[in-house]
Structure formats: structure tokens, C-alpha cells
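Chains as they are written, first to last, in the working numbering: chain G, 6 to 242; chain W, 6 to 242; chain L, 6 to 242; chain P, 6 to 242.
Everything labelled a hint here was simulated from the structure, so no lab data went into it.
Take every hint as true, because none was put in to throw you off.
Which copy is meant is left open, so a pair is good if it fits within one copy or across any two.
Here are the simulated BS3-like pairs of lysine-lysine, each with C-alpha atoms no more than 30 Å apart in a straight line:
| hint | residue 1 | residue 2 |
| --- | --- | --- |
| 1 | K198 | K117 |
| 2 | K238 | K53 |
| 3 | K53 | K123 |
| 4 | K134 | K10 |
| 5 | K142 | K115 |
| 6 | K198 | K53 |
| 7 | K218 | K197 |
| 8 | K10 | K218 |
| 9 | K53 | K21 |
| 10 | K218 | K198 |
| 11 | K238 | K123 |
| 12 | K10 | K142 |
| 13 | K134 | K117 |
| 14 | K134 | K198 |
| 15 | K134 | K115 |
| 16 | K238 | K198 |
Number of protein chains: 4
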Amino acid sequence: MSEIKFRSDVTVELVKHSASDEDVVWAARVSTAGERSKESVGPVSESKGLINFLMRERHGTPFEHSVFTFYVKAPIFVWREHMRHRVASYNEESGRYRVLDPEFYVPDQKRKLVQVGKAGAYNFEDGTKEQFDVTDKAFRESCEAAYIQYESMLAAGVAREVARGVLPVTIYSTAYVTMNARALMNFLSLRKKDEDSLFPSYPQREIEMVAEKYEEHFAQVMPITHEAFVANKRVSP
Amino acid sequence: MSEIKFRSDVTVELVKHSASDEDVVWAARVSTAGERSKESVGPVSESKGLINFLMRERHGTPFEHSVFTFYVKAPIFVWREHMRHRVASYNEESGRYRVLDPEFYVPDQKRKLVQVGKAGAYNFEDGTKEQFDVTDKAFRESCEAAYIQYESMLAAGVAREVARGVLPVTIYSTAYVTMNARALMNFLSLRKKDEDSLFPSYPQREIEMVAEKYEEHFAQVMPITHEAFVANKRVSP
Amino acid sequence: MSEIKFRSDVTVELVKHSASDEDVVWAARVSTAGERSKESVGPVSESKGLINFLMRERHGTPFEHSVFTFYVKAPIFVWREHMRHRVASYNEESGRYRVLDPEFYVPDQKRKLVQVGKAGAYNFEDGTKEQFDVTDKAFRESCEAAYIQYESMLAAGVAREVARGVLPVTIYSTAYVTMNARALMNFLSLRKKDEDSLFPSYPQREIEMVAEKYEEHFAQVMPITHEAFVANKRVSP
Amino acid sequence: MSEIKFRSDVTVELVKHSASDEDVVWAARVSTAGERSKESVGPVSESKGLINFLMRERHGTPFEHSVFTFYVKAPIFVWREHMRHRVASYNEESGRYRVLDPEFYVPDQKRKLVQVGKAGAYNFEDGTKEQFDVTDKAFRESCEAAYIQYESMLAAGVAREVARGVLPVTIYSTAYVTMNARALMNFLSLRKKDEDSLFPSYPQREIEMVAEKYEEHFAQVMPITHEAFVANKRVSP
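I would like the entire structure built from these sequences, with the hints used as guidance.
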């Protein structure tokens, strides 16, 4: 029998990008300059003001020419939320084409387990030691039992696409995700909670972990744009 | 403990639509007539030729003004494929907002369990009695065990969004799906196998069961369009 | 020679719709109810609160199942802006397939002709009598001269798609436009100026005239949704 | 008065790209490999077969992670068609923010002026010397007259957004266009005529000129993908 692995993280690799603050300025300046040239871009100091203006006035299209491709590993329940973002491109590993690896997400002790407040605006608080233990045990037992059943069906010659039905939504899956900077900011505004957001959101912690990693890459590749996004209270343009 | 239910079907209800063959003709005739009037539509007999022409020449936009809203119940592994169709609107029940019902899909004896051929073009054959029994038992045991773990976490006060992690992808979920006729034909061309398709597809049987029900509604609401789709070898325009 | 007509309006006909406040409630309740039934919708009085909640929290998807189809007549310079809205379906009359009618938009005396302020936040003020006269004369002479050239090329046997090159962007064109209520609110937030908007916009007056007519239909078909849109400062969800 | 310029070409600059045949292979292999690594890509010789398979079987998503940004100059009547392609990002120069340059497209002597055949499947033949002369004269006179009227309104203090109404659709405009390789192949299949296409198209010559230049860049950046596109009769996946 395969060895079952448990983890409590998600991973995000920036595979490639075609993104920069300068590209935002190019794209915006075409409105007024009509000509494309280094001169039309102007100094970075002016770019800052222009990018902030675009963000504040919600002129979103200049951000669409900057594109990121990520390679992401996350549990299926995260992918289920992620793929509701339709302005994005996805290629995910297939449970029809391959045997899925026995790797499962399990909440660690930092994961707040108790939900308070009302639908649409939940807050989360630390669970007790007992709650953590119940959860940890339930995940480990369930995942292991399910994977054994999965393998037994495969061993009997049952098709992978059928056998996978018993696997829990906490199993990991991997995918390429391509999003432009505008779609990415929309993702961040919805999937990352922030005190300073004009429109607060209440994402599930695990997709927020993906969003946090996306935001690090975004801030590094497009620092002026990211700063303007934060300064404008994380309203996606 | 809640009673666990097993089923082997999917359900599709046509909630509402704003679709008709006549609307396709209206939309197409605006290209040439410029004026909207009953006269510009002309007799149904001519419509047939026009709709067939649009389909054959792959003029897809006139089909976009006809819109269907379905209410669908299917296992999560079907939804995972369904939601890759981005030109569609979805509202699905939420495992964060509510306790999911203990209702699970299990393959019945008609479900071909054995996959032959190579990746991308699998064909399926009947399983043996033993294969069916292994599968049936694995599904029933797994789903029941997982749901018991789910309920134990809920009973301990663990948040629904955490506890659901152990539930298998064969659990049912429900959603509203709105698609226009063009997107629907694209769905049908990819998710329903047909000997006469110009571009054959190899859908998983369970999403094909949804596609079959979509196609029945489509054929009833837009019979001329459906006929042209079939006559043109199910190439979505 | 054809008679040249001038107008100063746009027209919008609501051809059909599949839209209602109740549909928004259905779609939203699936998250929590999981079952579709009349009971799950509840009384209209509760709907109001729910729709307002969705709007405020920017839960946009429940508004996507309500769809409008309009038949619109507007000058080409309006269509150029309109078609930048990508979440919409269009069928427009074709200058390749038919001879375009000699009907042109000309600003009337109410149209504010003078632009003040800076790029991205223009305001408009009344023009002088002289400015109106210059404009009126320029439009009438230009359109007439261009259409005569158009007809002379057609008379010489030149293809319509070539000859139309000389026609000005103020010539009218007609199209079917299908948009769901979410896309429509986005359109309204960008294309209709309103003192009470959280994010003010500065649309060109002529596309605003289209937006005003869209909004009338929207308010009539989905009064509770429209009220919530206004109450939430016209931020599209 | 400004000097009026006439041209008979379109220009396309490849501003940047994030595209390669190898990226297609990466994205496709995630289905079967689940892991991202150089090893999972394999030798280029195998890539050829895989890319051809994806194209033939119409697995389109692996082509979406390769993205091109072009800077294009073309007449407005070309942009009108171009912007009907909704899976793309655009930033175009604005007739509201700037005075448009007096640069106009005029058909040259190679442009076939006479249309034969029926709607939806026009073919074009050479015009006579007289037809060319009529067209050339009509374009030059119309454009010059319209631009003079435009400038007279601007001189009188009339807003740019109003004054531009008289300008003909043959005036040039510039824009940034970002499209992924899948959307680009769709564009090419519809906007470039080719004897070998499975689904023939009948584009207007001037947008075809843009498509030809797009295709050159595409073939250079993604030679294996382009070859597979051609080998599969230009059916966009």
C-alpha cells in the first residue's frame, strides 16, 4: 500500500510572467499619446501618479496586459473555489488520466477551527485542544481509509475516473493558473481578508493561503501597482 | 446519525429560459435587414435554411441571445468538470454556509467500469460482477465512514468549512447554471459522445448524463437549432 | 440621391428578458438551502434584505441568471464604446452585407458642447450659440458629403465594405445586445454619471443616453435589485 | 491646417510575449504527470506529437498560458471587427482625450474592389481603373473635408468627443492588444482566408492584413504549435 502523506500548506510557484508597472503605463498612455515610444512612458516618478489614478478611477484595462502563470498545489476544496474565477486559464492534473497521489491537507494547530458570526461574514476563532484532536484524527482516518478503498478498486481493474469518487476533497491537486493583473487583483480582493479593505471579504483560510502567496509575487513583480492597490483599499479596478 | 442515501442518477430541471429558434433568426437578420420587425423574421420555412447556414458557417453570435437556466443535482466530481466551462453562470450550494446532505452517487450496474484505449480517447467496457461488487462496497463504506467523521467534527463544534474536507467527491451538490445556446452547444460537443460528431469527445459518463438531459431540453425549446447542430456533426458554432 | 436624415436621440427597445428579483433570491438561496422550492424563496419582504445584502457584500453571481435582450439604435461612436463591454452578446447590422441607411446623429441644443476639467474627469458646459451653429453645420455638411461619395462608389460597382470607409462615426447602426443583470449594473456604473456614485464616472453623453434607457427597463423589471443598486451607491457587485 | 496623410497598410508590432511551444507541453503534461519538472517536459521531438494531438483533439486550454501583446495601427472599421473578439484585452487611443491625427486608410491598387458571390461567402475581384479612381478620389476628398470640419469645430472650442463625430471610419487608430495563443488561433481561423481551412472564412481584406502579421509573429514564437494549427486545417482548438 502507498504511504499516505499529510501536509498543512499550499505551494505557489511563479512559473513565468509578462508583467511590469511599465507595461501598465504604456497601455494607459496610448489613450492620450496615440504613439508608442519610450518617451511616451516617461519617468517612473510620473508612473506612480498615473497608476494610482488608474486604480482610483477604476480604469482596469491597462492592468490586463500584465500576465502571470503560477503552478499551484492545493486541496481540491480550494480548487473548487478558485475555478469560480472565470477570467483565468487552468490546466489541472487529471484523475482520469493518472492515479492521484496519496497526499492530503490536514489543518494544523494554527488553523482557527471555530466559526462565529453570521453567514457571509464569518469570523474564526481558535479551537480547543479537543477540537483540534477530533479534527486531526478524523482527517487522518478518513483519508487513509478512502485511499485504501481507491487502491483496492484500481487493483481490481476499475477505471481511475470511477475509483476516484471515494477520495475526499482535502486531497491535493496541482494546476497551472494564468491570470492577468486585473483578474489577480479581483482574486486578492475576494480571497484575502484585510482590515483596510473598502469591501471586506471572508475567504476560507486555505484559499487565502494561496492568495497570500500570489500577492507576494505580485508585489515583487509590479511594486507600484501593488502599492496603489493597497493605497486604494484593495478595490479591484 | 443521519441516514446515508445513495443514488445513481443526476437531475436537471429547466428553471426558465429565454430561448427560441425565432430569436436566432431575429439576431442574424439584423446583419442584413438593419430593422427589427416581424416581417424581417420571415416564415419558419426560411428560418430553417438560415439557421443551418449559420451553424455550417460557424456564425455563433446569433445563438447567444437564447439563454437557459437549469437547476442541477450531480456529484462534485461532475461539478469539477462542469465549472471549467467559463461562459456560464453558477450558483452552487455552499459547504461553508450549510451542512451538506448525506447523499452520494454510486455507480449502478449499467455503468461501464473498465477503461480501455489510451489517454484522451478512452473507451469503456462492462465490468465483471466482482468489479461491480468491489466498487459498490468501496463507495458505500467510504461515504458512510466519511460522513460519520464529518458529523463528529460538527458535533464537536468544528466549522463546517473545515469538517467538509473529509467528504468524498462523489457527494451530491446542487447548483443553478445559466448558459446561452452557443455555450450549451459547446458543452454538448465536448460532454456527450456521439458516433456522428466531426470531433469525437470522450466525456466521463456522469457528466454525459447531465449533457443528455441538457440536450433534451435544448431540442424541445429550439428544435430547428438542435436539428442543425446534429446535421452539422455537432460542431459547436 | 437618398434623403439624408438627422436625429439627436438613441432608441432602446427591450426585446425580451428572463429577469426578476425573485430569480436573484432563488439563486442566492441555493447556497444555504440546497433545495429549490417556492418555500425556499420566502416572502418578498425578506427578499429585499437579502438582495441588499448581496449588493453590499458584492456577491455578484446571483444577479447573472437574469438576462435582458435589447434592440438598440445609436451612432457608431457609441457602439465603439459599448462593445468594449465583453460580458455581453452582440449582433449588429453589417456594412458588408447591406447598404447603410443615411441616418446620422447630430447634437441638439441641449447637448453641452464645451469640455472643462482634466482627462478622466471632464465636465461639460453649454456651448454658445456660435458653437452650436458651427457644430450643426459641420455635421450636416460632412454627413451629406460623405454619403454622396458612398453612393457614388456603390453606383460605380465598388463593394459595400470598401465604400463604407468614408462614412463618419456619427452614422447610426442597430444591434441586439444581451446582457445579464450583473453586466448591466457594471455598464450603468461606468456609463451613467450620478452624483451619488461611490466611484464617479465621466461617460460621453451619447452612451449615457443609452444607459439611461437601459436603467429605466432595469428598474421596471427588477425594482428591488435596482433600488439596492442605487442604495449601495451604484457600485456594481 | 494639418497635413492629411493617406496610407494603405496596417502595422503590427509584437511588444512582448510570454509564449512558447514548451509552455504548451508543460501545461498539457500536468494532466498526466501531476508534477512540474524539466523531466516532465521531455524532448522536443515528443512535444511535436503531443502538440499535434492537442490540436487535433481540440484540447484548447494548454494553449492559453502563452500570451502575446501587440501594438497595432489600423483603420477604425478594422477595429470595429477586431473588438468583437472578446477574449482579448484592449487599450486604444481615445478621441475624447486627444486630437486624432489626420491619417487615413485608402485602398491601393492591389485591393480587389468588386464583390461577387452571396452574403457570408463573398469573393473579391479586381476593380477596373475607373472603379479605383472613383474610390481613391472619394476617400481623399471625404477624409480631407471631414478633417477640415473636425478642426473647425475644435478651433471654435467644441469638445473633441463631439467634433470627432464627423470623422470617417477609415481614419487610423492605434491600440495594444493582448491575446493568448488559443484566442489568437480563433482570430486567425476567422480573419484569414485559406484554401486549406476546414471551415472557410471570408474576412474583409483589411482585417486579414492584421491577421497575416499576427500569424507571422505566432509562427516565429511558437513554430510547432503553428505547424500543428496549419496541419489540422486551421481549426482553432
